[in-house]
Each structure stands twice: as structure tokens, then as C-alpha cells.
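Engineer: Here's the letter readout for the chains.
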Amino acid sequence: MANAALAATPIALPDLGAARQARTAWLLAAPAVLLMVAFIIAPLAAVVFLGFTDFELGYGSFRFVGFENYAELFADRTFRQSLWNTAVYSAIVAPVSLLLGLGIALLIESESIGRSFFRTAYFLPVASLLVAMATAWQYLFHPTIGPINAALHMIGLAGPNWLGASNTVLYSLAIIGIWQSVGFNMVLFLAGLTAIPRDLYAAADVDGAKSGIDRFFLVTWPMLGPTTLFVITISVINAVKVFETVKTLTEGGPNKASEVLLFTIYQEGFVYLRVGYASAMTVVFLAVLVVMMFVQYRLLDREVHYA
Amino acid sequence: MSALRLSTITKSFGDNAILKGISLEAEAGEFIALVGPSGCGKSTLLRIVAGLEHPTSGSVMAAGRELTALAPADRNVAMVFQSYALYPHLTAGQNIAVPLAMRELTRAQRLPIIGNLLPGQKQIRTAIQAQVAEMARSLKIEHLLDRKPGQMSGGQRQRVALARAMVRRPSLFLMDEPLSNLDANLRVHARGEIVDLHRRAGVPTLYVTHDQAEALSMADRVAVMISGNLLQLAPPQVIYDDPAHIEVARFLGQPRINTLDTLVAHGQTVALGNIRLQVGGSVRERDEVIIAIRPEHLSVLPRSQNGLAAHVERMEFLGSEVIVYTRLDGLNQPVVAKLTPVEAAGLSAQMPVSLVAEPERIMIFAKDGIRLTAKPVSVDALEAAHG
Amino acid sequence: MSPQSTFTLGRAVRLGLLTLGALMFLAPYIFMMSAAGKGQSEIFTSSLSLIPEHSFFVQNFTKAFTRVNMPGLLFNGVVVCALILVFQVLIAVPCAYALAKLNFRAARLMMALVMLGLLVPIHATALPLYVAFNNLAVLNSYTALVAPFSISVFGIFLFLQFFRAMPDDLIHAARLDGMSEIGIVARVIVPNAWPAITAFAIFSVVAHWNDLYWPLIVISNQAYATPPLGLLYFRAAEAGDDYGALMAATFIITLPLVLAFLLAQKRFVEGITMTGLKG
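Residue numbers (UniProt numbering), protein chains in the order written: chain A, 1 to 307; chain B, 1 to 387; chain C, 1 to 279.
The hints are simulated quantities; they were obtained by calculation from the structure and are not laboratory data.
Since the structure is predicted, the reported quantities are computational estimates derived from the model, not experimental observations.
Treat each hint with caution, since some may be false.
[Said to hold, decoys possible] Which bits of chain A does chain C cover? Going by a derived footprint, with three or more residues having C-beta under 8 angstroms, they are:
(1) 71-81
(2) 112-125
(3) 197-211
(4) 273-281
C-beta: ideal position from N, C-alpha, C; glycine also.
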């Protein structure tokens, strides 16, 4: 009985240790918090706010215009073209670089010689300055003096004007985008492959898996699920953020055939200085990112995590 | 015709010999435990039988069929892995169905999505479901069929792994330390269950373990492997009481067998206190041999003329038995005895005692570890013989 | 006997595919180096020959070095990347430690902030930051280049994952030994966090060395140009088709990071894998 009475009345002492710990924690986190507010939260709020104004850099005052910017946006042919181009570019680059990355990783993993050479060769573009390599690609793609068309000419084909024609420019940029991101995906898949327990392959063999295809669908592909989801996310986001190659090689041309989202925002905001209008575009860009992440994780996350 | 015959199997990686010529035969329905310290090659041997690794030389035959060159899929062997190796993305039921699906569906029918559209696969899948359900019933895991491995306990996973191995009635059962990831209580329970299942299925089984208690309690015969050699293959009782090699004697038994290096004396005899043993084989006078006696075959008595003079160092009370750690006077050699609490009643640390061995239980091994015959001879008889 | 040593048709196909692919991936580098050594006329006549008939390496590289202040560009790149990295680590490590190992009520809110931050690229915050920097008159400065990246939510996230995996007992032991929390961070956490810091450093340097968007916005004075921006200027200055000099400049600017990668390849791949998988 006495014990029960004691247990029922907890002795309330101020937890000095906890209070001190909280104070230290705040101290350690304070610089990060301040900078997060200054460089992420506040600008984010500002961008949403500016999207509802007609703010232009250089003019002293601005007006609150409601959804006018957004209305203009969706009537804007350049912006619609830009959205469409970004979608097409991403729809090519993300899946192709994912599949190539996976394929190369599988080939390298199953091959015993030259592993580190191949890994280096495919990864090199990731570590290279994209603006510089875009310039090298421009030379490769040159319609008259470029090696690609020279090679095509040798086998009797007339090469296209890769970056110079509005019907090929987006695909040419996509080739550069794929070239640049395959190595990254490959390295992630290689890491994912080495993390698969060898016992699962042994079990598959004993269970009657006869070919590489059986092993792939029974073990490799399902076990790569989390890696694949991550690679999809990163690939799509990076594709949507395409900017360097466009700015360096095409400036959105010819005839707006390579206008992409970030380039359009850059033009409106930092060249024409229409900050309000560009802010509205930015909000759309952010919304696209958020929606895509959300959809991916909602649809796929449950499919790939088994624990 | 034996159910499994391994002939002089060797395996080496470069200069590193893992298996040094293993030969072994199993009868139909036999349960053989491969036991040995880690690194002795027992798991490699099992993987060679499964076809997961290739022997450097030697052959594997089962039921008269040459398996050595066959892929694992074509051997009709089943295996339970230490990690269970359940496919984490499949439910228990789907896991159990895999070996059946792999055999009964064609390559095209197995493909994801497309496979489900092909004709004829539906009946096969229904039949597979029925077999899975039956297997689950006999192992009492029906309630687990819809769960994924991540949602199951270790014991449950182990049963699902067993079910996956048994569902297709293999001609040979291989188990690689299937109980080592379970906690102690569950392990003892699972031992009995596996023995039971084996008896019902009647499939010859190779069972790898490093746990001597598992090997001795479950197997029809125990194969002791030490550093790539199969030293002895015999029923548990024989392997414990009558080890063919000093390493076998050392590996089995808890606490470890006591050993004492000594020299062969005049007339091919070896002396231990006032016991004399006649040693067989080709040993000569002054050859080094090893005397070995198990702790439970020693008595610890108050100091007297009989036996070996020793001091008690410490005692461990384990409930049903007492382990007495002693040190021989003069030789500075530790000797362990296992007594009942009644026998140990009068003993305490630092006490001078005499160790008395059961003469029939003393074993003699040659310096290279081979067992020698040893017959106790009475001192009187010896003296009489020498006149 | 072992499958590794036999040469089968399957292996030949695999090796062939890998080699062909590798050649295609290396082609831009090969042609870049080749063109960097060719004269104007040779570039126009024989684009497929790899070895220049008359070596113009010296002329092309001289042009690249004289028309654009290459050492200046590389210097700016190094300074900006180094400053960013130092600030990021100094600010993210203590914060990640607090979130991972200390109890305080705002931790959950801060986690939410970090997660939100992971979603927001610089492109989304660039407009207001540009307006603010313009008003503060700090455009065209190292401050403008470095400040927005001094906080890396990704860094916090990465270190957080890493610290969570560290045993609590390590920290308890340090506390019992009488260390302050800041002492623990400096003398226990950081020395044990080198793998994570290295991985993050590689990620951060690769990202900021290559970044064009932000420098393009805040820098209009060549003196502060980073390598990508400098190359853009060089292209504009050359305008025409002097691909020899252009490829020479491209080569020089690509070289530092590629060399760093080739020298520390294992760390690079580990770093990318670690930051990639945890991200």
C-alpha cells in the first residue's frame, strides 16, 4: 500500500539538465535558423507576395494586382511554350538517363574486368563543368564542321542542323542532358546493387531461377526499388531545372523552340526586370516541383519500401 | 544407392585451400549434421552441394545422378539460409510459391504483367496456391501468408523459409545454420520441430551448424570438419564417446576435454597417476602422445595416495552440475572436472585434492591427432609381467 | 571452371557494349582536345581526324589565356567554393548535432523547416534575393556569390542522418568526462564525422563550381566572374567560329575539377553515393 501511494505522487522537481540542454541546443541551432529564415523562408514568402504585384526593378512603387499575373501567364504563348518544352525535355531525359544508368550499372556489375575504367568514363561528365562541356557539344553538333555530321556524311546521311533547327534543338539538348546525368544515376544504381544481399541471389538460384532475366525480376529490380524511386525523383527535378545548356547554347531559340521554364523566368526577372511577373512564374515552377515530389512519394513510396 | 555421394571434393581460392578432399555418403532419409568451428569449410561444402559454388575438383552425386556440372535450378535441392533470404518485397505466401512458379510456369508466363495475360497460367497459379496453402497448414503458418518478411518475427521468418524449401518436395534438403538467428528458447523448440519435419518428409538432409548441441541432438550422424578436412562421420554417441581425432574430441563437449602431453614409457605404456594404459599402434618408447579425459569422467576426492595431486582454483555452480577448475601440482597444468552438486559438496577453493579418472574413459591420441587404442592394465599385472 | 575466367559470347557482347558506350561518353572530351590543337583551316576541313596535322596548341591556349583572365576565373572559383563550404559546414554541423542528439521543443518545427528547405532550389528564391542584394548594393561581390549558400539544408539533413547513427553513449561518456556541448561538437562529433564532411564537401564543391544561374544574376563585373560565367564571356567575346581557342578555354576550365575527380575518384564516388542515397 505504501509503495502504491508513493508511486501515485510523482515528485515534481524542475529538470535543470533539460532546461540547460534546450538552451545549448538553441545556441547551436541559432545561426542555421537565422540564415534559413533570411535566405529561404523570407524569400519564399516574398516571391509569393511579389507574384501578386506588378513590381518592376527600377520603379519606386508597385501595385497589388491580385491574380492578374497568373491570368497573363496562362495566356502568354512564350510561357506555355516554355512549360511544354520543359515537359518534353524532362519526359525524354529522366526516363532515358534512368534506364541507361541502370543498364550500364548492371553491365559493369556483371563484368569483372575494366570496372573502374568504365565507371570513370561514364561518371566523368558529372564532374565536368557543364557550361564548358556544352561548348564542346556545340562543336560536335556543328552542322558543317561538327564531327557528328561529318561522320553521318561519311555513311551517306545528311545530318540535321542539331542545335540550329527548331524541330531538333530540344532533342539535341536532351542528348546533352542525358549524357550529363547517366553517370550519376549509374553510381547510385551501383551502390544499390552492392547493397543487395548475396543470399537472395543464392536463394533465387536454388528456387529455380535459370536465367539473368529471372534473377533480375525476382531479386534485382524489386531490391533496387528505393534506389530507383530516388533516381526518378532526382532525375525529374534536375531535368525540370535545365538551364545551363539553354543559356549557353541556344538562348531559348531558335524561334523559342528551346524556351524552358528557368530560362523564361531568368529572362523576365533579370533581363526585363519584371520581378512581379517572374515571381508568378516562379510560384508555378515551385508548384510543379512540389506536386511532382508529392505524387511520386504517394504513388511509389509504398511500393518500394518493404519493411 | 546412396542418396548423396560426395567424392574427394576440394575447393581452393588461389593458394588458399578451403576444402581438402571431402568424401561423404548419406543414406536415404538420413539427417547429417556438418559441424565445425567457423572457417572450417562446412558452409562452402554445402554451397557446393547446392551448386552455388563450383568445386575445384571432385564430384557430387545424388540418387545416382551426377550433379557436379548442373545449375542449382536443375539439381532439385532445397536450401534454408542462415539469413533466411526471404524476398522482402513478396508476402510469405508469394515467397513460398516462388520455387513452384519457377518450375511450373514457362519463362514468358513468369514475366511481370505480360505473364499474367498469357493463356494457361491461371490454372497453374491456382494449383500453386493450393500447394502453398497446404504447406502453410502443415507448418501452422496460415495466418502469416499475407505478411511481408519485414512484418514477421525471426521465428516466423524461419518457418516461412522452411516452408519455401519444403513445398516442392526436393530430393535433398540443405540447411545453413537456420537456427543461429533465433533466441535461445526458440532455438531449442525449433530443433525439435525440424527433426519432426525431417522425419515426416523423409528427405535426406545436410545441416550445417557450429553449435555442437544442435548437431548432437538432431542428427542421425555428425560430420566434424576442421580446417577443410572431414575428420569423422559417425552417430552422435560414437562421435562423443569415441572420437577418432583429438580435434574432434576438443570440438565436442562442454567444458572442453582435458588434455595432457606425455611420453610413452617402457613397454608401450602410458601412466596417469597410478593408472597405466597399454597403447596400441606403432608408437615407440619416448614418443610424445596426448592423454585426454572428459571433465565428467574425473572425480575430485580429498587428497590421498590415489590419483593426481592437484589444487582447486575455483568452482562454478550451474544448478544441476558444478564445474571444478583445478591445477595439477608440480605440472602447473589446468584440469577441469564436471561433478554433481553432491559430489562437489565438500570442495572449496585452494583445497588440495586428488583427481581420479575412470580408466576405461581415458583416451590416447598420437602427436598428429590420430586416436590410439588404449587398454588399462593393472599395475600388479605389469609388475608381475616384469618379474 | 569459374565463370569469371571463361570468355563467353555473352561477355563479349557485354564488353563490346560497355566499350562502345564509353567511347561515346568520352567523345566530347576527345574532340575537344583534338580541336584545341587545330588551326582554323584544319577545323573547317577535316573534323574527324583526331591528331592535328599542324599543332596549334600553343596559339589556341595563348588566345584563351590572353582574352580572358583565366587565373582570375579559377581563383574566383576556388575562393567562392571554399568560402561556401566553410560556412556551410560551420553552420550545419552544430545545428544537425542539436537536432540529432539534444532534446528541445522546437526540434520538430525545425525538422519541418529543413524538409521544406530541401524542396526549395536557389532558382525559387533568386528574385527577392536579387532585389534585396540590389537594395543593399552588394551585387558584384563575393558576398553576393557566397551569402545565399551559407546555409545548406541539405548539409543539415545529411549530417543529421550521420549523427543519428552515432551511439548516444559516446556523447554521454564525453559529458561524464566534463566536456561542454560545444566541446563535444568540436572534439567528439567533428573528428568522427569526417566521412560525412568529405562526402558533403565533394557534393558542395561540384554543385557550386558548376553553378551558372546565381553568378549570372548577381555578377556583371568580370573581376568577380566564376569559371562558368567567365566561359560565357569568352564565348561572347569570340562570337565567331574560332573553335580552336574556344575548345582550349573549355579544356582549361574543365580541367581542375576533372583532375580532382581523377585523383580522388574513390572518394568522389563514395561522396556522391552517400549524399545521393541519403538525400
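Engineer: Each hint: holds or not?
Structural biologist: How the hints compare with the structure:
no.: 1; hint: 71-81; result: violated (count 0)
no.: 2; hint: 112-125; result: holds (count 13)
no.: 3; hint: 197-211; result: violated (count 0)
no.: 4; hint: 273-281; result: holds (count 3)
The structure is inconsistent with the numbered hints 1 and 3, although it conforms to all the rest.
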